[in-house]
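*Asks:* These are the residues of each chain, in order.
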Amino acid sequence: MEIHLSHFNTIYFSAKMSLPLTLLSGLSYMGILIESLSILIISLLFFMLIFLYNKSINEKQHEKWRLIAGLLIRKAVFHDNEDNPDATVPLTARAESLMHNRHFRQLVTEELITTKKSLAGMASENLKHLYQQLQLDKYALTNLKSPQWYVKAKAIQELTLMELKDVLPKLYRYTNNKNELVRMEAQSATVQFYGFEGLRFLNVITYPISEWQQIKLLQQLSQAAPVDVSIDTWLRSKNSSVAVFALKLARSYHWFQWHDTILACLEHPEANVRLQAIDCLCEIYTDKTAAILKSRFWQEELEIQLAIVKALRSIGTEDDAPFLVSLLAYDNNEMKIYAARAVTHISKNGLELIGISASASGYPLNEILAQIKGELAV
Amino acid sequence: MNWPEVFHNLYMYGFLLYSALLILSYIAISVLSIAEIRNYRHKNSFTDYRVLASSTELPSMSILAPAYNEGETIVENVRSLLSLHYNHLEVIIINDGSKDDSLSRLITTYDLHRIDYFVNEQIPTKPVKGVYKSHNPVYSKLTVVDKVNGGKADALNVGVNIAQNKYYVCIDVDCVLEQDAILKLAKPFLENTSKRVIAVGGVVRIANSCEIEGGRIVKVNLPDQFLPRMQTLEYIRAFLLGRMAWARLNGLLLISGAFGVFDREIVIKCAGYNINTVGEDMELVVRMRRYMEELKEPYRVNFIPDPLCWTEAPASFKILGRQRNRWTRGTIETLRMHKKMFLNPDYGLLGMLSYPYWLFFEFMAPIVEFIGIILFIAACLMGIVTHALVLLMIGVIILGILYSVFAILMEVLTYNQYKRNKDILRLLLVAIIEPFVYHPFVVWSAIRGNIDLLRKKNSWGEMTRQGFVGKKPVG
Amino acid sequence: MKILIAEDDQVILMLLEFRLKKDGHEVIVTHDGREALEKIDEFQPDIVITDIMMPYVSGLEIIGAVKSKYPDKMRVIILSGMGQENVVLEAFQLGADDFITKPFSPNEVSVRVRRFDTGRK
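Protein chains in written order, with the numbering used here: chain B, 180 to 557; chain Z, 1102 to 1576; chain V, 6 to 126.
The shape of chain B in the complex, shown without the other chains (with noise of 0.2 Å):
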């Protein structure tokens, strides 16, 4: 655009003098400026509103949706099986047309999951014959090979909840994939229906574990029967998680026998398979060991030697004392507090012992010292 400076200054006179008429002539800026806000709000009202009904008219027909999926739900956990064993659950025309469509199946298949995981017997058995009858199985095999990782973790997850054994071997190729959810899902569906047994793919597995999948696989392993399983190649792998994975295995479930290869954990050149490796000999110990953890102690790192003095808590005996003693003098409060509370725990005299460096040293002794008798005393 050309500025002319004489034109403005009479457009802008002429605007100030007659404001009714220069609304009409569009000209004026005050008349843009109207005009475009104008334009701009009813388009933007025009477009939610058009959105929000179309947001309706959606959550309607899912609610219709949801209540053809309940009675299909209701009809198969409540089919008597004992007249005739092989019958199908009765669809109605309009369930059989919508299945093809594939929200709805997705809405059924939700449903069926969240239903399945609440019911226990022969309701649950016969939510899963009707997740065959309408052939989900099918479509979820197909979602497996979908090249979007959350498709296929689904798919992982679905055929897991609904029990069908039979997909598991193709389902086991899945523990290392490149995708961590999917990884996740299939570690998750192995474990879930052989146990321990399931775990084999720990063997194989290049990718590591996070302390997340740790916790979940744990988490359902304690739903299953415990079972001795041999983690000697696990405590020894090149995958830093799966040793440490091992390892809390072995403290859940005390599995002494593994109390040699776990003291070689103690070599181990990552740091948190050594500090696991501690917690575990917390729970698994011979008179030994409280000696073997002393003896590395100043081979350690600070975080590594406090956990250490940590285990001497649970673990040592009178004869530790003495070194626990002399960590009084360490210079690190952290260290002073744990050898202090290891102290009283393993020995009779606890206490004095650590008065008597307490006076010699004052602060921060003394206070820590009148804190560990409180926490006695409760």
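Simulated from the structure, these hints should not be mistaken for laboratory data. Being a predicted model, the structure only gives us computed values, none of them experimental. Among the hints, erroneous ones may be present.
[Stated by the list, open to error] Here are the simulated PhoX-like cross-link-like pairs (lysine-lysine), alpha carbons at most 20 Å apart as the crow flies:
no., chain 1, residue 1, chain 2, residue 2
1, B, Lys307, V, Lys107
2, B, Lys489, B, Lys467
3, B, Lys254, V, Lys27
4, Z, Lys1267, B, Lys489
5, B, Lys296, V, Lys107
6, B, Lys254, V, Lys26
7, Z, Lys1144, B, Lys324
8, B, Lys427, Z, Lys1267
9, Z, Lys1227, Z, Lys1370
10, Z, Lys1520, B, Lys234
11, Z, Lys1523, B, Lys239
12, Z, Lys1144, B, Lys357
13, B, Lys254, B, Lys307
14, B, Lys243, B, Lys254
[Stated by the list, open to error] Selected chain B positions facing chain Z (in silico; Cβ < 10 Å):
no., residue
15, Leu219
16, Phe226
17, Met363
18, Ser389
19, Gln392
20, Ser401
21, Val557
By construction, the Cβ of each residue, glycine as well, lies at the ideal position given by its N, Cα and C atoms.
On the provided structure of chain B, position chains Z and V as indicated by the hints.
*Replies:* Just chains Z and V now, with coordinates in the frame of chain B:
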């Protein structure tokens, strides 16, 4: 030299450039946040939080809640925190030298007594007057610390010193948390195998006009009052769009002081919260990031879009003004303290993108806008306004409204906290009114923040309701 | 008998309602704790079947409310996925008459409900 013309052109093209960059950033943020939210929600759909909440393998967490003169509500707030379902949780309330009866109320209600406690002062703080625990085993999770008044940063540092666990949640004591909030916040620390997660931020939602029972939000309502309603839109925009986008890039500079989780070891290594700034929440995150960059170790700062924390927003112009004033000063102080990072490739994305963005579009935006409006009015009065300029002005306003509408759309498509169509329409109205009523006020508060800082008004003075300190969703 | 069910899962609610109605009972359904408490006063059921984790008011609070207001009149059966020992113990300590963990069998619920049927009109 036609000076009005030169002036006009300079103004217009400068304005144009700034606006173009701003709009580009809106678009980038929108795209990135969509991707990140989608990713998060897909991942989330595979997690059954209820089952995992009872696991004994979960890491222990500490909750730190500094309190100052919260006497009226503190007992209820603490009750709400104690009712969270999580194994191995410790709740630490730090009474920052309240002048009211906060401490005595707590002592009475929770049967507290003073214990001998050695405070390992890994971060130097003002003196601790006493540490209190309960006689009653039901309240064994609770620890109350009484200290000499020193400000929120100092109180948090005391909390960090005392906390026993690896990770701590920093919240404002009057925040209401969702039941599975702690679990959801812990998850990023546990999921990542390649990078160390040092901090996780979460969305802060506006609790005004919501129904709260037994310390939990039972019904979500759009705030009735004008200002909280405007802030609702603002928070949605800032959290769902802004923060998510930055989290995706791993360039997030700010975790709200009202709600965040931190790796305690790193915080201590960074010497804790800085007591010389009013923006201690932002400053800590920047410093932690800087520490990790300097260590050259891979790390992440995550952000969770699920609504996890609800808080009361200021309802009066006066308090809102003070809050925004303080946020501005905090931003400036933080930027100044870390100016070494500006366009410094040693700091990677942090120095090359996050810091410059924060400088030009968070700090400078109110200033640019303010000057822009004044000059526009001057130009009008001098009669040198052009069509182009006016259209530009309108264009920017319209695009701002569209950005807000997009934020509302995201909210409806994802969490849909405001289910009634009526509320969605109300939010739209807010989006339209905002540039004319709310936004100018916010800009003006920011300008005053700049002025106050220049005058070196060192600002805590008498600490007023700590409930609003440090939350910074503006973005 | 008159039975009130409090359960926030739609499908489970429907299944229970269907099964218990088939058994010949009069059934009222509610979707959350608050609604349940209101309807309990209004409907005066013989048996209350409730989940623990529900919006507004938890199942444990419902046990408390029912046992204090109608100590001999109403039975409370807990139907919940939270089967941990401490939860079960607390439920019984508060006065629950039975605890069924999820996943459950609808037949089992039917049988356990029938146990409380003393045939009173």
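*Asks:* None of the hints should be skipped; say for each whether it holds.
*Replies:* Comparing the hints with the structure gives:
1. B:Lys307 <-> V:Lys107: holds (17 Å)
2. B:Lys489 <-> B:Lys467: Cα-Cα ~17 Å, so holds.
3. B:Lys254 <-> V:Lys27: holds (13 Å)
4. Z:Lys1267 <-> B:Lys489: holds (15 Å)
5. B:Lys296 <-> V:Lys107: The given pair, whose Cα atoms are some 8 Å apart, holds under the 20 Å limit.
6. B:Lys254 <-> V:Lys26: Given pair lysine 254 of chain B, lysine 26 of chain V holds - Cα atoms ~15 Å apart, limit 20 Å.
7. Z:Lys1144 <-> B:Lys324: Answer holds: lysine 1144 of chain Z to lysine 324 of chain B is near 19 Å, not above 20 Å.
8. B:Lys427 <-> Z:Lys1267: Holds. Lysine 427 of chain B to lysine 1267 of chain Z sits at ~19 Å (cutoff 20 Å).
9. Z:Lys1227 <-> Z:Lys1370: holds (19 Å)
10. Z:Lys1520 <-> B:Lys234: holds (11 Å)
11. Z:Lys1523 <-> B:Lys239: Holds. Lysine 1523 of chain Z to lysine 239 of chain B sits at ~17 Å (cutoff 20 Å).
12. Z:Lys1144 <-> B:Lys357: holds (15 Å)
13. B:Lys254 <-> B:Lys307: holds (13 Å)
14. B:Lys243 <-> B:Lys254: holds (17 Å)
15. Leu219: holds (5 Å)
16. Phe226: holds (9 Å)
17. Met363: This hint holds: methionine 363 of chain B lies near chain Z, its Cβ roughly 7 Å from the closest one there, short of 10 Å.
18. Ser389: At about 5 Å, which falls below the 10 Å cut-off, the nearest Cβ of chain Z leaves the hint on serine 389 of chain B intact, so it holds.
19. Gln392: For glutamine 392 of chain B, the interface hint holds, since the closest Cβ of chain Z sits about 8 Å away, which is under 10 Å.
20. Ser401: holds (8 Å)
21. Val557: It holds, given that the least Cβ distance between valine 557 of chain B and chain Z is near 9 Å, below 10 Å.
Hint violations for this structure: none, all hints satisfied.
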